[in-house]
Amino acid sequence: MRKLCSALALLISVCSVAGHAAPAGKTTLRLSPPSAMLIGPYSETHLLVDSVDATGAAHDATATAKLSSSDPSIASIDADGAIRPHKNGKVRITAARGAQTAAATISVTGIRPGTPPSFLKDVEPVLTHAGCNMGACHGAAAGKGGFRLSLLGYDPDLDFESITRQAGARRIARSQPQNSLLLRKPTFATPHRGGKRLEAGSAEYRILTDWIAAGCPGPIATDARVVALKVTPEVRTLHRGDTQQFTVTAKYSDGTTRDATGETLFTASDESTASVTPSGLAKATGPGEAAVIARYQGLVTTANVVSPFASPLHRTQPISKNATVSSTIDRMVTSRLDALGLPLSARSSDGDFLRRASLDITGQIPSPQDARVFLNDKDPQKRTKLIDSLLARPEYVDCWTRQWADLLRCSRSVLNEKGMYALNSWIHDAVNTNMPWDRFATEIIVSAGDTYKNGPANFYKAASSPEERAEALSQVFLGVRISCAKCHNHPYDRWTQNQYYQMAAFFSRVSSKKGSDKGEMVVFASDTGETRHPKSQKVMAPCALINATPLAADFNQDRREPLAAWVTTPANPFFSHALVNRVWKRMLGRGFVDPVDDMKATTPPTNRALFDYLATDFSSHGYDIKRLIRNICLTDTYQRSAEPNGVNAGDRKFYSHYPVKRLEAEQMLDALSAATGVYEKFAGYPTGLTAQALPDTQTASYFLDLFGRPARTTTCACERGDDPNLSQVLHLMNSQDVNTRLAAKTGRVETLSTSKLTDTQVIEDLYLASYTRLPSTAETKRTLAAFKKAKERRAAIEDLSWALLNSNEFLFCH
Amino acid sequence: MLHPLRVTFLFALALACLPAGHATAAPPAVSYSRDITAIFRTACLGCHNNETPAGKFSVASYTAIMKGGKSGPSIIAGKSAQSRLFKLVSGAARPVMPPGGGLRPVDIENIKTWIDSGAKLDLAAPSTPMPRPVATPAAPAVSPNPIGKTISVASPVACLAYSPDGTTLAVGTYREVLLIDTKSTRVAGIWGGQADEVRSLAYSRSGAMLAAGGGAPGITGEIRLYDVKAGKETAAFGDHTDVVNGVAFSPDEKRIASGSADKSVRIWDIAARKQLALMRDHADMVLGMAWSPDGKYAASCGADLNIKIWDPTAGRRVYSFQAHDAAVNSIAFSPDGKTLLSSSSDHSVRFWNFGAESSGMLRTLSGHGQYVLAAAFSKDGSLAATASADKVVKLWKTADGANTITLTDAKDWVYAVAFSPDGTHVAAGCWDGTILIWNIQTAKLETTLTTLHRP
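Chains H and D supply the protein sequences, listed in that same order. Here the numbering used here is used: the first residue of the first sequence is 1, the next is one more, and so on. Here the numbering used here is used: the first residue of the second sequence is 1001, the next is one more, and so on.
Chain H with its partners taken away, still in its complex shape:
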């Protein structure tokens, strides 16, 4: 009996160990693609082997299956798994694993004696893959050791000249190709600071030697260029520790395709979720979602690795007829969380919701009176009504004015005092009237006139050259950073240097002259002015970044009009997405894309379907920001507790719980003032003006600077800092800012200590003022005991207030 039990136990344990990796039931092997073409002697292909289980789920078996060719003289398999051609013909490649097999056909064509490698198609990818032209080496602006290549090969003509003819042609030895410096250095036959980059005798090495032996043929105008990249598989779910091989196919302008896996630069967007080797083997390292980024010949594309936190769930409701925007948001968020197996946190408490909504919408914490009213309210619609009332407050206008003023660099040091006020009051009016965002953008883009009288014209004072204006416009309104493309093609995104200067060209006919007032600038559209490409000196025709055609050469109106039209049309995929991303980040702590103004091809959104949905909803409903905020606040997603629920503690991207966010500098100072009842007096402004309502960030305030107030020298959202440091902690603990407020004869502490309220009531009031909630029974009990021990009642109240202000519950929005 015992023997049977232990045997049984052994059997069960074996099955359960095997169960995870190889589900019981019939598994089949699949080879993809089922057929491929190899054109020319320098092409290669990589086949993926999947083990498909009974449920239809595929698991990567590329590393464990054995490949064989039916005729190695036509195409054979190399040690690195690449299939390389030798002569024209057809072969059958068979994959075998255990008893299972799968097959694919490879046709080889285009092998003609004397066909040299193509510089564009064969040589450039080798230089990129070996790292020769990366930014740290010869792709740097000044090159290295006198040898300069274009960054990641964006300028093949320059590369061709550098390699074959510059420096007295010292890099190639035409009559002894393998002795060329171009080969000796990377194989380390000659000392090379870049180290060993190529293996002598490898396929890449042979491409270079064959190319030199053929007389170094250069790029020609009719060469086919890469027009698209595809990564296979496009998405794969992996468990932690699982691996997946990815392959990349390049499509050319002549319709041909080629496997580019061997020369693709692979990186991962989030190493905490997945890592990827230089040969495209990804491994799930933790839960979440990451993009496998593939870059080849100036194009980038991504594939997704999804690594669930736990087994998938099935909570998503079907689409209902009465779906509101908010319920749709919830459905899409939940659908994402289902796939990842993330539990949802519970609904937040009323106090937490009141506090966070007040901070997110108006930038202020609620008063104890407002808190009491809300907490006692029995109306089931009270949260909805609260959102509407917050949106109607003047503090909402101040809060959101400040955000746009940050981005538009509203600062007296940039615009002079009058310009700053003009811009600030224009933004204030715009927010107050809930100006549609497309009109807001348009008024700024086409603005003209005196900067002291026309607020939006200050955009042209803050950014003075066409290049700066194009960069500012792109970052602020499109959420796209094009500045990398000023000197070379963007290494991580699709933007070329040409596109950069085509955008700048929209602004080359904007002039300015001095206004009547000192320091005033008058902006106007002029008739002349061109932007030239810095290298070719060619005049650039204005052309928008995507889905656009260049302006006609004879266009002689204000070029900013068509620019504004393009920015605000649905054909421009960035405008609505950029705004939605900013608002979503403010409310939910992390944008769909992070950083919030850096939407790149290589940083896929955390929830693409929801992101697209909200962007379309925004643009088809009048670009109404208040409506967007309202719809987000009405969701269950927004109203969830910040308290994690089991496994979702590790979620920082998928919105399974509300995030914990440190108060912004202005929020913190205003909260400190409100909680202590002592308001800041800013130099030059009346008492009672909140930090948030300050029109620029030049008003002296050590507190605000300490907590990351931006100087408004750039248009980047990243200028506002939230890094913690010791000075901040010490300031909150010991500073005059805090101590004077506690000791003040006009503050809350004083009022409470001289009032007739009981200790318990005092404690409640302070908790409500700081935490927007009542103290728990245990907290009250503890605090009362401390009061009793205190020598002086006022000191006890001060101490309690100080303790509340120095706690995370006060300093963070949750």
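Wrong hints could be hidden among the right ones.
Unchecked claim - Here are the simulated DSSO-like cross-link-like pairs (lysine-lysine), alpha carbons at most 27 Å apart as the crow flies:
1. H:Lys-745 x H:Lys-681
2. H:Lys-535 x D:Lys-1149
3. H:Lys-87 x D:Lys-1149
4. D:Lys-1070 x H:Lys-144
5. H:Lys-538 x D:Lys-1056
6. H:Lys-418 x H:Lys-514
7. H:Lys-144 x D:Lys-1056
8. H:Lys-535 x D:Lys-1056
Hints were generated in silico from the structure; no laboratory data involved. Quick caveat, the model's predicted, so the values are computed rather than measured.
Given chain H, put chain D in place with the hints provided.
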């Protein structure tokens, strides 16, 4: 007849006098001078040299090696496992050296053995600089480890020079100098055995010697001297650490100056076979070298945009100025020594006043659409010729800078140009290995040769 006992005694004596075989010291299994320097020179010296010691560590001499660097001593004699140098090359510590891992297992093993057996020096002096492959007439060295087979492709012409008597046109190309007989316009002889591409050629004033500057890029630079009458190589100087791009004889033929991609300018005593001066001032590759006709000054030009004037006897720089907006590719003195001619990758050519009183730019010639790679004076100084990456050779009057002739027969970048001493012809050499000779009077191309031509 010897007594048997005496024979035995003599035999025993003879035996005792034989070398004790294993008792005498065998050559060390791994020798510093033979094995270790070979490894370090290829794999380490590029970054760890005295001029730019990465990590403050240089392997340029035994002293330097044993001194260590900013991380402390690199070698603990007898204990390879604890020696930082061995840990880095064997992968026991990071970063792996050399970057990318270029050492073979046998190299790593040799380093280990050498350290464990005491890291001994078996060279004359501990500060002896790391030996370099030096070409000598006795053993003409070739490129250290030339790799791969040769194919029949015309290598680029990097330089050319007419002999002063006009009978020979020397053409520098890959691994050899072609000697073309100007009368028959055929290749009459080949001076082979060069390390790599020959980058500059110069005849001494009397024509007795021909100097060829070259070297293996990234490894060494050499100047070889050829006795024209005897028809053979007589001397070589190999101290440069990168290719020699410019050579110039002193007018009295006793010294020769060289400018190298290693940024240094050196003066050599030909008869004594000795380096007289090593001058470092250029911030980038030196691309051309010239010696003033009065023998007092040498001039160099470089990728650092500068022209520098040197006192070759005192061994120091006398003057330096930025001559162009891009690399300066060539420099030449006018025959009367009063003018300097420079050509540049900024597409221009400039004449400079060379005199004690006022130095300054005299004239800029524009007209080439691309980098100007070479410029030369005619023997009487009345004409200048320029050669460019725009595949054009232009002739100019030096008096007024007028462009008199434009020759467009070249099909690729023109790297070199020279006037025949009698002023009747101008020759140029190109990237595609062609050597073109034009008649100046008719402005017509008379001869086309390639570097594949044999005698």
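Taking the hints in turn, this is what the structure says about them:
1. H:Lys-745 x H:Lys-681: holds, 16 Å
2. H:Lys-535 x D:Lys-1149: It is violated: about 40 Å lies between the C-alpha atoms, which goes past 27 Å.
3. H:Lys-87 x D:Lys-1149: Cα-Cα ~24 Å, so holds.
4. D:Lys-1070 x H:Lys-144: holds, 24 Å
5. H:Lys-538 x D:Lys-1056: violated, 47 Å
6. H:Lys-418 x H:Lys-514: holds, 14 Å
7. H:Lys-144 x D:Lys-1056: Holds. Lys-144 (chain H) to Lys-1056 (chain D) sits at ~20 Å (cutoff 27 Å).
8. H:Lys-535 x D:Lys-1056: Violated - the C-alpha atoms of Lys-1056 (chain D) and Lys-535 (chain H) are around 39 Å apart, more than 27 Å.
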